[in-house]
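Residue numbers (our numbering), protein chains in the order written: chain A, 1 to 249; chain B, 250 to 679.
Be a bit skeptical, because a hint or two may be false.
As the list claims (entries may be wrong) - In silico DSS-like links for lysine-lysine, alpha-carbon gap of 25 Å or less:
1) A:Lys-225 - A:Lys-244
2) B:Lys-361 - B:Lys-439
3) B:Lys-572 - B:Lys-613
4) B:Lys-447 - B:Lys-322
5) B:Lys-675 - B:Lys-564
6) A:Lys-111 - B:Lys-675
7) B:Lys-564 - B:Lys-602
8) A:Lys-99 - B:Lys-675
9) B:Lys-675 - A:Lys-113
The set of hints was computed from the structure by calculation and includes no laboratory data.
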Amino acid sequence: MLKIKNLVASVEGKQILNGLNLEIGNGEVHAIMGPNGSGKSTLASVLAGREDYEVSGEVIYNGKDLFELSPEERAQAGMFLAFQYPVEIAGVSNATFLKQAVNSIRLANGKEKMDSKDFLKLMKEKMALVEMDKTMTQRSVNEGFSGGEKKRNEIFQMAMLEPKLCVLDETDSGLDIDALKIVSNGVNALRNKERSFIVITHYQRLLDYIVPDFVHVLYNGRIVKSGPKELALELEEKGYDWIKDEVIA
Amino acid sequence: MTSTAETYLEKYKAIQQREFPLLQDKAMEHFSRMGFPTSKNEEWKYTSIAPIISRDYSYSLPENKITREEILKQFPFVNDALLVVLENGIINDGASSLNSVPAGLEIKTLSKSKNIPEVLAHYNQYADVKDDAFSALNTAFANDGLVLLVSKNAVIEKPVYLIHVSSSSDKAVIAHHRILVVAEKSSSVKISHITVSKTESTETFSNAIIEIFTGENAAIEYDLLQNENEKSFHICGTHVYQSANSKFSINTVALGGSILKNKLHIKLDGLNCESHMHGLYVAGGTQLIDNHTAVYHSKPHCNSNELYKGIIGGKAHGVFNGKIFVEKDAQKTNAYQSNKNILLSNDAVVNAKPQLEIFADDVKCTHGATTGQMDDESLFYLRSRGINESDAKALLNLAFANDILNNISLVDLRNYISGLVETKLKRAEY
Chain A
1 MLKIKNLVAS
11 VEGKQILNGL
21 NLEIGNGEVH
31 AIMGPNGSGK
41 STLASVLAGR
51 EDYEVSGEVI
61 YNGKDLFELS
71 PEERAQAGMF
81 LAFQYPVEIA
91 GVSNATFLKQ
101 AVNSIRLANG
111 KEKMDSKDFL
121 KLMKEKMALV
131 EMDKTMTQRS
141 VNEGFSGGEK
151 KRNEIFQMAM
161 LEPKLCVLDE
171 TDSGLDIDAL
181 KIVSNGVNAL
191 RNKERSFIVI
201 THYQRLLDYI
211 VPDFVHVLYN
221 GRIVKSGPKE
231 LALELEEKGY
241 DWIKDEVIA
Chain B
250 MTSTAETYLE
260 KYKAIQQREF
270 PLLQDKAMEH
280 FSRMGFPTSK
290 NEEWKYTSIA
300 PIISRDYSYS
310 LPENKITREE
320 ILKQFPFVND
330 ALLVVLENGI
340 INDGASSLNS
350 VPAGLEIKTL
360 SKSKNIPEVL
370 AHYNQYADVK
380 DDAFSALNTA
390 FANDGLVLLV
400 SKNAVIEKPV
410 YLIHVSSSSD
420 KAVIAHHRIL
430 VVAEKSSSVK
440 ISHITVSKTE
450 STETFSNAII
460 EIFTGENAAI
470 EYDLLQNENE
480 KSFHICGTHV
490 YQSANSKFSI
500 NTVALGGSIL
510 KNKLHIKLDG
520 LNCESHMHGL
530 YVAGGTQLID
540 NHTAVYHSKP
550 HCNSNELYKG
560 IIGGKAHGVF
570 NGKIFVEKDA
580 QKTNAYQSNK
590 NILLSNDAVV
600 NAKPQLEIFA
610 DDVKCTHGAT
620 TGQMDDESLF
630 YLRSRGINES
640 DAKALLNLAF
650 ANDILNNISL
660 VDLRNYISGL
670 VETKLKRAEY
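Just chain A, with the same shape it has in the complex (with noise of 0.2 Å):
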């Protein structure tokens, strides 16, 4: 699905990500964790296609190098980001924008449009999955959504869309419990053989509900550590200090 190799990221002439090496297969799903300022985010952003930075190194996305698409040839292509500030967009309804996305989406892949009543049918059956109230979707994107609502629709947009490489970035991040619950859910329910999540994070909690194949340990713009889904709980008990305390010895 996915190739890194020795990515190396900076903006404003900052360098962030330092030589990043990740592979990732169909169907797998990968917890990337680390402390604040490892390049959690920018590592997102980079794979979104956010021109701000400067990249250099290798990633290859099902034979495609990812840095010769725009972002909506990476959307187009089945890269979902579920961003960790969703933006407001006032004046655009929610609705209105998913339909031109899904068929933006479509007539890339060779589809056709989606009619008007097959598109109602399958926002509804996706609003399910995430418990999202219908009336949000004639609301304008996300203008005078709560945080909880924001990242719920975030899901919502991915179930919409129904990418293959799926990367979320911080989803869990200001959530309370519940909400916390449905959006797990919600990415649980798309979980299959091919589709693939990176899941970006700060604690381990989310990793309760979405449980990884896999654990990674980004730090200062490397990944630093991998293993299994225990060592996210490693990493919760010890905090990442013994990390740090690792990678300098």
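Since the structure of chain A is provided, determine the placement of chain B on it from the hints.
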């Protein structure tokens, strides 16, 4: 007086029969005194009229009149509406549908209603003939036009569509459109006024004056869509008078024209008046769209609310100038004004100038103007969901525009305009 102005005087003298000789002669005197404005005139600082006045125009109407079928093809939603089709300022009876005009509404030509008391009382009372060369020219040359009279207590449910078609044959045409709306006490009416060119090759200069009298406790909703072609010049003065307890709302959508200049003046001359002014201008290519507005608060306890938004791309130029005057008797005035612009390219320019002049002490007035670029975060968000960059930009611009378009209460018209804006925003020159 410049030689260009002299040619207008000669043309004026050549008019065979004048319908309002006293007014027309007086207006021509004003014009001769003022001449055409230059960029030294604050009202015309950013809008050079040289391309407009240097042309030689024909005054004649084209022979082939537009048909009802042609109108319906372009505007299917007017099929059941009260429809007045005007061509270069003159009513086209064949294309209009005036058979089912409801009681309380009269739709007439100006030349045939010059002895009607309401027309005598209001015609040319509100236009700034003494101060504006184009208003003076209009009054001098407008031998005919349209009069809409709404009688006391009449509530006209059906919207009245005025579709104005500018047409020319082999030579560019000048037309002085003139419209008078009189809504008597406690009446209400909804008017949607659309100006278009007959074809893409039509070359016209439309010099329009709209006068609107809002009687006591009357309510008027006025939509003004200006969508002439890229070769056209259009100067439009809208002069509104409001009596006590009246309500006036206007939605101006300025899209088409090589040079398009609007002047909107509203005088609140009674207690408890309410005015809403919403405006959208979308300019691309080398268009110049200029909106000058002025609200005169003359009496206490009135509210005015104004929002104008501009989307400027290509090498286009947008101008907004909004004035609020609060006279010394106009205590307890609430006046709000806001102007917001988005620039889509490095070569696009906006000049925005909000002005307040307040002579009363117990008032609430705010104004402000902002000009910015499209929000990169929003654009990235949409693109990250698979929406192509150009579509994402159009979606965001349309959202910006919808703030204005959502005030248009006629859904068919709103959707039609929204489609025009969307198409325009997707064109390459942005």
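Is Lys-361 (chain B) close enough to Lys-439 (chain B), meaning Cα to Cα at most 25 Å? 24 Å, holds
For the pair supplied as a hint, Lys-572 (chain B) and Lys-613 (chain B), is the alpha-carbon distance within the 25 Å limit? The hint holds at about 15 Å.
Between Lys-675 (chain B) and Lys-564 (chain B), does the CA-CA distance stay at or below 25 Å? OK: Lys-675 (chain B) and Lys-564 (chain B) at ~16 Å, within 25 Å.
Pairwise hint evaluation, Lys-602 (chain B) against Lys-564 (chain B), where the allowed Cα distance is 25 Å at most: 20 Å, holds
Do the alpha carbons of Lys-225 (chain A) and Lys-244 (chain A) lie within 25 Å of each other, as the hint requires? Given pair Lys-225 (chain A), Lys-244 (chain A) holds - Cα atoms ~11 Å apart, limit 25 Å.
Would the hint linking Lys-447 (chain B) and Lys-322 (chain B) be met if the CA-CA limit is 25 Å? With a Cα-Cα distance of about 13 Å, the restraint between Lys-447 (chain B) and Lys-322 (chain B) holds, given a limit of 25 Å.
Given the hinted pair Lys-99 (chain A) and Lys-675 (chain B), is their alpha-carbon gap at most 25 Å? Holds. Lys-99 (chain A) to Lys-675 (chain B) sits at ~18 Å (cutoff 25 Å).
Between the alpha carbons of Lys-675 (chain B) and Lys-113 (chain A), is the straight-line distance 25 Å or under? 20 Å, holds
For Lys-111 (chain A) and Lys-675 (chain B), compute the direct alpha-carbon distance and say whether it is at most 25 Å. Holds: Lys-111 (chain A) and Lys-675 (chain B) sit about 23 Å apart, inside 25 Å.
Figure legend: structure checked against the earlier numbered hints; every hint is met.
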